[in-house]
Amino acid sequence: MEVQKFYYDNRIPKQFAIACVFWGAIGMLVGVLVAFQLAFPVLNFGIEYTSFGRLRPVHTNAVIFAFVGNGIFTAVYYSMPRLLRTPMWSNLLSKIHFWGWQLIIVAAALSLAMGYTTGKEYAELEWPIDIAITLVWVIFGINMFGTIITRRERHLYVAIWFFIASWVTVAMLHIVNSFEIPVSFMKSYSWYAGVQDALVQWWYGHNAVAFFLTTPYLGIMYYFLPKAAGRPVYSYKLSIVHFWSLIFLYIWAGPHHLLYTALPDWAQSLGTAFSIMLLLPSWGGMLNGLFTLRGAWDKVREDPVLKFFVVAVTAYGMSTFEGPLLSLKNVNAISHYSDWTVAHVHIGALGWNGFLTFGMMYWLIPKLFDTKLYSKKLAGTHFWIGTLGIILYAIPMYWAAFRTYFMLSSFTPEGQLEYQFIDAVQTSIPFYVLRAIGGTIYLAGVLVMVYNLMKTAKQGTFLAKEAAEAPALEKVYVAPAKAHWHSYFERKPMILLVLSLVVVAIGGLVEMVPTFLIKSNVPTITNVKPYTPLELQGRDVYLAEGCYNCHSQMIRPFRYEVARYGEYSKAGEFVYDHPFQWGSKRTGPDLARIGGKYPDSWHFNHMLEPVSMAPGSIMPSYPWLFEKSIDLGSTKSKIHAMRNLGVPYPENYEAIADEDLMKQANAIADGLKKEKIEIKSDKQIIALIAYLQRVGKDIKADKASTSQN
Amino acid sequence: MKFTTYLEKITDVSIYPVISLLMFVSFFVIVTLWVVRTDKKTMEHMENLPLENEN
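Top to bottom, those sequences are chains E and W.
Just so we're aligned, residue 851 is where the first sequence starts under the numbering used here, counting upward by one.
Just so we're aligned, residue 3 is where the second sequence starts under the numbering used here, counting upward by one.
Hints are computed from structural coordinates only; laboratory data are not their basis.
Misleading hints may appear alongside valid ones.
To be verified - Okay, derived cross-link-like pairs now, DMTMM-like style, lysine to aspartate or glutamate, Cα gap no bigger than 25 Å in a straight line:
#1 E:Lys1478 - W:Glu46
#2 E:Lys1420 - E:Asp1548
#3 E:Lys1315 - W:Glu54
#4 E:Lys1526 - W:Glu46
#5 E:Lys1513 - E:Glu1528
#6 E:Lys855 - E:Glu1417
#7 E:Lys1149 - W:Asp41
#8 E:Lys1077 - W:Glu46
#9 E:Lys1530 - E:Asp1508
#10 E:Lys1342 - W:Glu46
#11 E:Lys1217 - W:Glu54
#12 E:Lys1077 - W:Glu54
#13 W:Lys42 - E:Asp1520
#14 W:Lys42 - E:Glu1324
#15 E:Lys1342 - W:Asp41
#16 E:Lys1447 - E:Asp1548
#17 E:Lys1435 - E:Glu1417
#18 E:Lys1550 - W:Glu46
#19 W:Lys43 - E:Asp1520
#20 E:Lys855 - W:Asp41
#21 E:Lys1315 - E:Asp980
#22 E:Lys1077 - W:Asp41
#23 E:Lys1149 - E:Asp1220
#24 E:Lys1087 - E:Asp1220
#25 E:Lys1342 - E:Glu898
#26 E:Lys1447 - E:Glu1324
#27 E:Lys945 - E:Glu1324
#28 E:Lys1447 - E:Asp1510
#29 E:Lys945 - E:Glu898
#30 E:Lys1447 - E:Asp1520
#31 E:Lys1342 - W:Glu54
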C-alpha cells in the first residue's frame, strides 16, 4: 500500500495554548478580585464596571469559556491529527475558529462589565454573542468532522469519542437554552419563564459542567495521560463503558440544582436518582486514569506532568463523589445557596480543569518547541503552590458553609430565629479572606508556570510543522473474519455523532417535555399579574447589576426559611418571569418576599450606602443608579416582546406604557420627597425600587382577599 | 398545592420514568455485552493509538 507523506500543523495548538494560559491568568485574577470584594467591599471602587455583580460573571465566563475552552481546543487540534494520521481538514477554518473564539471572549468580557446580560448564570451573554458562538462552534465542528472523514486510521480512539460527544451536546445545550426574543441590540428576554426557565437553565448549567468542563477534559486525560506515562490506558474496555454510561447519565441530572424549589417533585427525584448513578461511571473513569500509572508510580515522583495529572484525576474523583452527595435532598438542604457549592465547583475548576491543563502544558510546550522543560524544579514548585492554593481555597468555604447553616437554622427556646442574616455574613468574612488568599496563591503558581513555559519556548525552536507518514485508508473495508458487529460503530464517526446526540437528546426530552406539557396546568394564581412598565424596567436594572449573583428569589419550605423570609415560593408566582431569577447563592438574604418589607426610603438609602441601613453589610453601593436615567425609549419594545412571549398585556398597551411608567415613578419620587429625599423620577433607582417593592407581593394580595371573603 | 395533582392530568405520565429506566438498562446491557465480546487485538490496537508515531 502506498505510504503518504503529510504534516501536522503545530501553529494552531500553540496559539490556543497561549490563549488558554493568558485568559486563564486574567480570569483567575478577576476571581481573586471578586473574592477580596466579598471581604472588603471598598474594592468595588464605587463604579459600575468593577462591581461584584458584573465582575463575577466575567470571572466565571472567562474561566469556563476562555481558559478551559482554549484548553479543549489546544488538545483537540494537537491530538486529533495525530490520532487520525492526517492534518486538520482546513487550516482556514482552524484560523477562523481561533480568532473568532478570542473575539467572542473579548466581546463577552466587555459586554458583561457594561451590564449587558441575559441574567441566566453561565449563559449571561447576549444574543448577538450567542449567535457568534453558534457560528464559531459550527466551524469547529465542520473542521473536526472533515478531519475525521479524511483520516488514515480506521478506528477512532476513545478521546475522539469524548470530543465528538462534547461538541454535539454543547451545540444542543447552547441552542436550546439561548432561545430568547431580542428586544434591541444587546437586550433580549428568555423564551421560557419561571419554572420552565429554571429547568432549561439548569439542564444547561449542569451539562455545561458535564460537556464543557468534564467530557472534553476526559478526552485530554485519555490522550495525554498515556502519552506522559508512556503506556496505554489501564483498560480500554472500561473506557468504552465509561464513555457511554457517562454521557447517558449526565444529561438527566440537571434538576439536582433545584431541590426544594418550586420545581415539580418528580423532576427533583429524577435529578437525584441519576446523580447518584453518575458516581459509577465517574469513578470508573477516575480509576481508569489512576490505574494507568500502575507499576509506574516511581515516575510520578520525578515527573511534574504526572504529578499534576494524578492530583487532577484525584480532584475529579473527589468532586464526582461530592456531586452525588450534594444531590441528596437532606445534604442539599445544607449546601444549596451556601459556600459549599462554591467549594465544590472550585475543587473541579482548580483541581481537575486547572491541574490537567497545567500538566498538558508542561508536556506539550517542550514538544512544540522541540526541547526539554526549562526547569523541572520550578514546575514542582508550581505543583506544591497550586495544591496549597486549592486547600486554602476549599477548606474555609466548607467551614463557612456549615457555620452559616447552623447559625441560620437555629432557633431560641422561645421559638425565635437566633441570628440575623447579617450575623452569618459577618462570621463568613474571615473565611472569605482566607479563600481569597488561597486563590491568590493558586494564581501565583500559574505565574510561575508562565515564566517556566516562556523560558522553555525561548531555549527551543518552534516546530511549525511535523512530518509524518501513513498509508491511505482503503476505500472498501473488509472486516476481519472474526470481527464483531460492534467495531462497525467505532469506524463510523457520523453514526457515533448521531448516536451520541440521540442519547443526550432523550435525556433532555424526557426531563423537560412533561413540564412543558403541563404549562396550562401550572397552578395559576389569579392575583399574580404582569409587571408594570416601571417594574419591568426596574427588573432589567436588577438583571444588569447581576443581583442574582448574591441574592436568591426562592424560599424553600423549611421552618427557618419561612420564619426568616416569609411564605415559601410557589411555581405559579413566576409565570411572568422572563428570565427566572431564583439564583443559586445567598451571599445576601433571599429577596422573594422583599416587596413591602421596607419603605421606599430604606431601599433608596440602602442602594446608595448599604451599611447605613444594614450595618456590617458587604454589599457594594450603587451610586450610578442615582444618575443614570431609565431608558424610556425601550419600554415599548419591551412590552411588545413580553406580550409575544405570552405575558397578557392589553392590546396597544405599548402606546400608553410610558405614561403609566411616569405616573408610577412620580408617585414614588413624591413619596420620597415627603421623607426629605430629593430625586428626579426618571432615575434608574426609582425603577429598581418599584421592582423590589413588587417582588413576591401578589400572593399576599391573594391572601388578603381570601381572608376578607 | 402538590404538583403531582397537576401531573396526573397528563395521560399516562407514569410511562416517562418507565421508558427512561428501560432505555437506560437496555443501553447499558448492550454496551457491556459489546465490550465484553470485543476481541483483544482490536482493543490492543486502539489503546495504543496515542502512543504510536512518538517523536
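Hints and how they fare:
The straight-line distance between the Cα atoms of E:Lys1478 and W:Glu46 is roughly 66 Å, outside the 25 Å bound, and the hint therefore fails. Note on E:Lys1420 and E:Asp1548: the hinted pairing holds, with a Cα-Cα distance of about 11 Å set against a maximum of 25 Å. Distance hint between E:Lys1315 and W:Glu54 is fulfilled; the C-alpha atoms sit about 18 Å from each other, no more than 25 Å. Taken as a hint, the E:Lys1526 and W:Glu46 pair is broken in the structure, with Cα atoms around 81 Å apart against an allowance of 25 Å.
Of the supplied pair hints, the one linking E:Lys1513 and E:Glu1528 holds, its CA atoms being roughly 17 Å apart against a limit of 25 Å. Of the supplied pair hints, the one linking E:Lys855 and E:Glu1417 is violated, its CA atoms being roughly 72 Å apart against a limit of 25 Å. Restraint check for E:Lys1149 and W:Asp41: the C-alpha separation of about 31 Å exceeds 25 Å, so the hint is violated. Note on E:Lys1077 and W:Glu46: the hinted pairing holds, with a Cα-Cα distance of about 15 Å set against a maximum of 25 Å.
At roughly 16 Å between alpha-carbon atoms, E:Lys1530 and E:Asp1508 fall within 25 Å of each other, so this suggested pair holds. For a cut-off of 25 Å, the pair hint linking E:Lys1342 to W:Glu46 stands: about 19 Å separates their Cα positions. Our distance criterion of 25 Å between C-alpha atoms is met by E:Lys1217 and W:Glu54, whose separation comes to about 15 Å. With a C-alpha separation of about 10 Å, the suggested pair E:Lys1077 and W:Glu54 falls inside the 25 Å cut-off, and the hint holds.
For the hint pairing W:Lys42 with E:Asp1520, the CA-to-CA distance comes to about 82 Å; that exceeds 25 Å, so the pair is violated. Distance check on the hinted pair: W:Lys42 and E:Glu1324 sit about 23 Å apart at the alpha-carbon level, within 25 Å; holds. With a C-alpha separation of about 18 Å, the suggested pair E:Lys1342 and W:Asp41 falls inside the 25 Å cut-off, and the hint holds. For the hint pairing E:Lys1447 with E:Asp1548, the CA-to-CA distance comes to about 13 Å; that is within 25 Å, so the pair holds.
The hinted pair formed by E:Lys1435 and E:Glu1417 meets the criterion: a straight-line CA distance of about 19 Å does not exceed 25 Å. Taken as a hint, the E:Lys1550 and W:Glu46 pair is broken in the structure, with Cα atoms around 68 Å apart against an allowance of 25 Å. With a C-alpha separation of about 83 Å, the suggested pairing of W:Lys43 with E:Asp1520 is violated against the 25 Å cut-off. With a CA separation close to 31 Å, the supplied pair E:Lys855 and W:Asp41 exceeds the 25 Å bound.
Restraint check for E:Lys1315 and E:Asp980: not satisfied, since their Cα atoms lie roughly 34 Å apart, outside the 25 Å limit. Distance hint between E:Lys1077 and W:Asp41 is fulfilled; the C-alpha atoms sit about 24 Å from each other, no more than 25 Å. For the proposed pair E:Lys1149 and E:Asp1220, the alpha carbon gap of about 22 Å is at most 25 Å, so the pair holds. Restraint check for E:Lys1087 and E:Asp1220: not satisfied, since their Cα atoms lie roughly 34 Å apart, outside the 25 Å limit.
A hinted pair counts as satisfied when its Cα atoms are at most 25 Å apart, and E:Lys1342 with E:Glu898 does not qualify at roughly 52 Å. In summary, the hint linking E:Lys1447 to E:Glu1324 is not supported, as the alpha carbons are separated by about 75 Å, beyond the 25 Å threshold. Proximity of E:Lys945 to E:Glu1324 is assessed by CA-CA distance (about 30 Å); at most 25 Å being required, the pair is judged violated. This hinted pair checks out: E:Lys1447 and E:Asp1510 have alpha carbons roughly 24 Å apart, not beyond 25 Å.
Between E:Lys945 and E:Glu898, the direct Cα distance comes to roughly 35 Å. Violation of the 25 Å bound is thereby established for this hinted pair. Proximity of E:Lys1447 to E:Asp1520 is assessed by CA-CA distance (about 19 Å); at most 25 Å being required, the pair is judged to hold. Of the supplied pair hints, the one linking E:Lys1342 and W:Glu54 holds, its CA atoms being roughly 22 Å apart against a limit of 25 Å.
Of the hints listed earlier, those the structure fails to meet are numbers 1, 4, 6, 7, 13, 18, 19, 20, 21, 24, 25, 26, 27, 29, in rising order.
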